[in-house]
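Construct the complete structure from the given sequences, taking the supplied hints into account.
Each chain is listed here by its residues.
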Amino acid sequence: MPDPAPLRCAVIGAGRMGMVHGHLLQVYAGTELVGFADPQPGARDRLASQGLKAPVFPSVAALLSAAAPDAVFVCTPTHTHLAVMRECLAARPVHVFMEKPVATSVRDAEAILALARERGVMHAAGYVYAHLPVVEEARRLLAADALGEVLRFSAHGYISEVFGPKSGWFFQRELSGGGVVANMGSHVLFILGWMFGPIARVMATTRSHASAVEDSAQALLWFKGGVTGMLDTSWSMPGAQMLDYGVTIDGRQGTLVLERERILLHLLRAAAGQPSGWSEIPASDLPADTAFDISPHIGGEAFYRQLRVFETACRARVLPFCSLEEALNTQRMIEGIYASAASGQPFEVP
Amino acid sequence: MELALDLSPPESKHYRTWSERLSSVARYSQPDEIHAACEMARARGASAVLAVLDPRAETALRALQTWRDLSLWVVVPNMYAFIRDLTDRGLVGAALSRFRRLGPGAMVATGLAALRDLGPLARSDFVAGALWLAQMELAAARGLRIRRVFLHPQLTEIALAGRVLTLFTEFARRARALGLEAGLITHNPVVAAEVLGGEIERFAAVVSPCNAKGYKMVPGREACEAVFRSHPRRFWASEVTAGGAVPLATAVAGVDGLPLGGAVVPEVPPI
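Protein chains in written order, with the numbering used here: chain A, 149 to 498; chain B, 1261 to 1531.
Sample of chain B residues with no beta-carbon within 10 Å of chain A, all distances over it, derived:
(1) P1291
(2) G1305
(3) S1307
(4) Q1325
(5) G1363
(6) M1367
(7) V1368
(8) A1400
(9) R1402
(10) E1430
(11) E1441
(12) R1462
(13) E1485
(14) G1517
If you want the ones that stay clear, here's a sample from chain B, every Cβ over 10 Å from chain A, calculated:
(15) E1293
(16) A1296
(17) R1316
(18) E1318
(19) L1356
(20) L1375
(21) G1403
(22) R1434
(23) A1437
(24) G1457
(25) G1458
(26) E1482
(27) A1509
Covered stretches of chain A (in silico footprint by chain B; criterion: 3 or more residues with CB under 8 Å from a CB of chain B, positions within the stretch not fixed):
(28) 172 to 178
(29) 186 to 196
(30) 295 to 308
(31) 390 to 402
(32) 407 to 417
(33) 428 to 441
If you are wondering where the hints come from, they were derived from the structure by calculation, not from laboratory data.
Quick caveat: nothing in here was measured; it's all calculated off a predicted structure.
C-beta atoms are modelled at their ideal positions from N, C-alpha and C, and glycine is treated no differently.
Encoded structure:
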């Protein structure tokens, strides 16, 4: 059977993430990069100098009309996502991959999801760490009931990024959606939501000690399925140029420790293909299935796998696990953390 | 097998646990500690040090080179530091902060180079920008005796994805003009061999993951090893412990059967 025609993809926003997605779309066998939309006059020369030869259009409307993509990758600043989504879906349905965080508020994230559902398109959010083989394996073990009933967890997400005053849209809450919680901790929140389901209640504190947004946060999270736990996150932690995450999960039948390069497992009885007692699953034992590693420093195979998941979803017309529905759960956690921190009270997620 | 000590900043590496990260970052936080690590590596037979230059590493390497001749390979530009500066000060501010660190002679030389490339630099041309940054860092490190200069992998992977051959050929040409050997670090050795073709011979060393488990060997172990075999002694193994899953001594022995130039290791195992 011949290979299907490549999925025609375009990138909206030619910043750092737009460039990463553009390169992957160009090297990935199942996609064709058909254009960029970016209003900056120098974007075309800048992209071409990196070998990104697809045409650059000054607006979303011009891109959609001239390049007729099957799918778009939205890589513009967070506060523009809803408007871009409206514009993308106004003329004809296109599948949408949206960089994280999806929106600056739950209301916007709901509106974005509603638009996607209304138009019947496939969609995904760019929580890339969920695509690391070691994270996927941890999720598989939980889904296979390796730990029995899950009771609680503790998680962290640390990075060395903010040690003094910062400027730019990324550090303005109304443009970026918040600070470390929305932009870094959200990677871990997405993984937690994927593992434990819809969020029910949040109690949190946040602190701004360097920038104008929160630089660290501690959150107690109650999931509707009964799992509770804590996330500690900061982007002012020395020692981690890339996001360092970890999750320890306790169940009635064992404990799972998810780390960057391995899973540690202690089971009271053999389950999910794992023996009883302590065992270690190194990341190197898990297949990466990656043809190009765009950014080894942050786990570049995850970007490649993320693209494959999205491409497969668009072709099969089955929503991927990283859909905007799942991302809405993450957005509810983000907003719950901010609401609780502001009020000093637990926040009940509606 | 020849060994080179990996002196990239401890903050930039992956660790199995948070506490392992904190221990390593604390252990290499002072120039004296880095100097001592180089001494130990040399005593155990390492023939080179591969370093991303930051103030700590530079101080340590200057001290080391006052009396030792361990071959120094540097990775330029320091993209982690540059990206952080980029967020804080913008492109022009980040570039200017590097320019201001140069001595008068280096300022003139790199300033003239920038003037020659003013048009491309003003257009944020990828090749011109990358080369100028690399040139500024090398100029700032003039006091060090450098043998090989490696293009930073973040730039390498982007250039490979975009098949920007001129970045590689021009980097190698400029390195040679400075009397240095050029090198590359990449997780995509198969694509590198394909994009570079015969130009790969301009690079004295190409550092890529190679281990007994095939970890990080993209697109797969067999394809990577075929490339290593078709370019004997040119490739150096990194990630030999497969993310810490294989003990270092076993790991080094595990890649010894391939015709590699050597291995870049986080520490040199005892003899």
